[in-house]
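Peer 1: With chain A's structure known, arrange chain B on it following the hints.
From first to last, the protein sequence lines are chains A and B. Residues 1 to 310 (our numbering) make up the first sequence, in order. Residues 1 to 235 (our numbering) make up the second sequence, in order.
No lab work stands behind these hints: they were computed from the structure. Any given hint might turn out to be false.
Simulated restraints on C-beta separations [as the list claims (entries may be wrong)]: (1) Met-227/B x Met-63/A: 25 to 33 Å; (2) Met-63/A x Arg-234/B: 19 to 27 Å; (3) Met-227/B x Arg-261/A: 53 to 61 Å.
Remember, predicted model here, so these are calculated numbers, not experimental data. By construction, the Cβ of each residue, glycine as well, lies at the ideal position given by its N, Cα and C atoms.
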Amino acid sequence: MIRFENVSKKYGAILALQDVSVEIPEGQTLGLLGRNGAGKTTMLNLMTGYFPPTEGVVRVGGMEMMTHPRECKRLIGYLPERPPLYDEMTVSEYLAFVSELREVARGAGRAHIDEIIGLCGLGEMKHRVIGRLSKGYRQRVGIAQALCGSPEILVLDEPTVGLDPRQIAETRELIRLLAREHTVIFSSHILSEVQQLCTRVLILHEGRVVSDLEPGEQTPDQQKLRLRAAMGRDRLLRLLAELPCVLQAEAVPGSEEGEVRLVCRRQDENGLATDQIFRLFSRLDTPLRMIREEADTLEEIFLRETGGNA
Amino acid sequence: MKTIWKRELKGYFFTPTGYVFIGVFLLVASVMFYMTILRQHSGDLPAFIAEMTYLWMLLSPVLTMRLLAEERQKKTDQLLMTSPVSLPAIVVGKYLAAVTMLLITAGATLFFVLVVAIYGTVFPAELAVNYLGFILAGCAFVALDLFLSGCVKNPVSAAALAFGANFLLWILDLLERAVEVRWIADVLRFLSLYSRNETFMMGQLSFAAVLFDLSFVVAFLTLTVWMLDRRRVRS
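This is chain A alone, in the form it adopts within the complex:
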């Protein structure tokens, strides 16, 4: 649906995006994560055609944005970080304007706007002047305008920033709803939000895509385990490290005595890693008090890939 081919973007001497190649297929809910200045907004602005890349090609729906801007832009609804609202217009006037701008047929316009108003929960606000709306409702109007023209792709730049907790929950629910029928791409600083909403996450750092993953996905041949046994930590680590399937064993800082984290081969010639561990403790006649599989949390991956503090 959207394809970046070796895309770079420079702002003067500053390289905001470096040689990014990414393909976003139809139906995905993609989250862009990154620290401030990582290139998230630049990437969104490039895919919406707000500005062209310095190098490389952006394709939307198989068409090149530079040569077919109109066709590409018809496929995308965009909510920038600051919703592009005209304060002097009422909600319905504004949505009628955006619908016309996005070439919604005149006859279908009214029903289309009413549908969007209903979907975004703006029914009571439709005759209100935008300038007098609360931040939460302004954000909803921003999302509503992105839906005008029924675009196949929704691009949302930090859609929950500056909202109160209730508004955040409502906006997330709305995004979840929209993701059923649209390809949704959004940027966020909030890791839990991305984890909850996305089927795929790109982590950007200093203008590069440093990680492309599906939240919760595991490395197929490896397994992360966390276990606690009735044994001193040093001895436990030594015994576990001797198991052929264990690649790495380490203590968990701040945890109880006898609690360790392992990276293992999921299965080798001796059987499953978990089976080998159970057999070890059975042989030692030592109680194994807890064992569970651990996924890399998005936070861990984010910190690792972006080199330190979030």
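Peer 2: Using the frame of chain A, we list chain B on its own:
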């Protein structure tokens, strides 16, 4: 283009801008009408229309100040630039909205003509040429001021810049009369909107003057599109 034109035209009436422009124009024009026509028992409409042309210089920044500068300031340009609308359509749509306001105002000034027609004589052909010059001068100022609105982010700065540029054009006219070096005077005369306008006010339909005004408009609209596109590429 039509969508942009409609929104901008409505925008003039959603905010005080449209009312201020028409109101102030007609108020000052009324004072001029009293001084030039009524007080002197004169029917010299060309002189009155020539004076009204100066009002475009003073007031066209009011029409254009928000058109592009405010879009940039409030970041609503992101909506326009990411919609399936071309840059020339955006610029021309905005320009036509300002010109429509200008035509509404020019239409309202026909009331003064009506007064003269009741109490004196009006020569329709001469009047038509006078009004053509009056409107073309306004269109030229709007094109220049729209370009300047695209140069800055703040509507007030855009208005100040536009007023300064309009004033400079007026000064050119005065300079042309003061300069003794002939070729400089010729260049200044060529660039001066006011001296071009004089032929219209004399009731002469000059195609050169019409062409100049239209070229002036096209040149500044093209410059505006070019500037916005360059900024988009460089941003």
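Peer 1: Taking the earlier hints as the rules, which of them does this structure contradict?
Peer 2: The structure breaks none of the hints.
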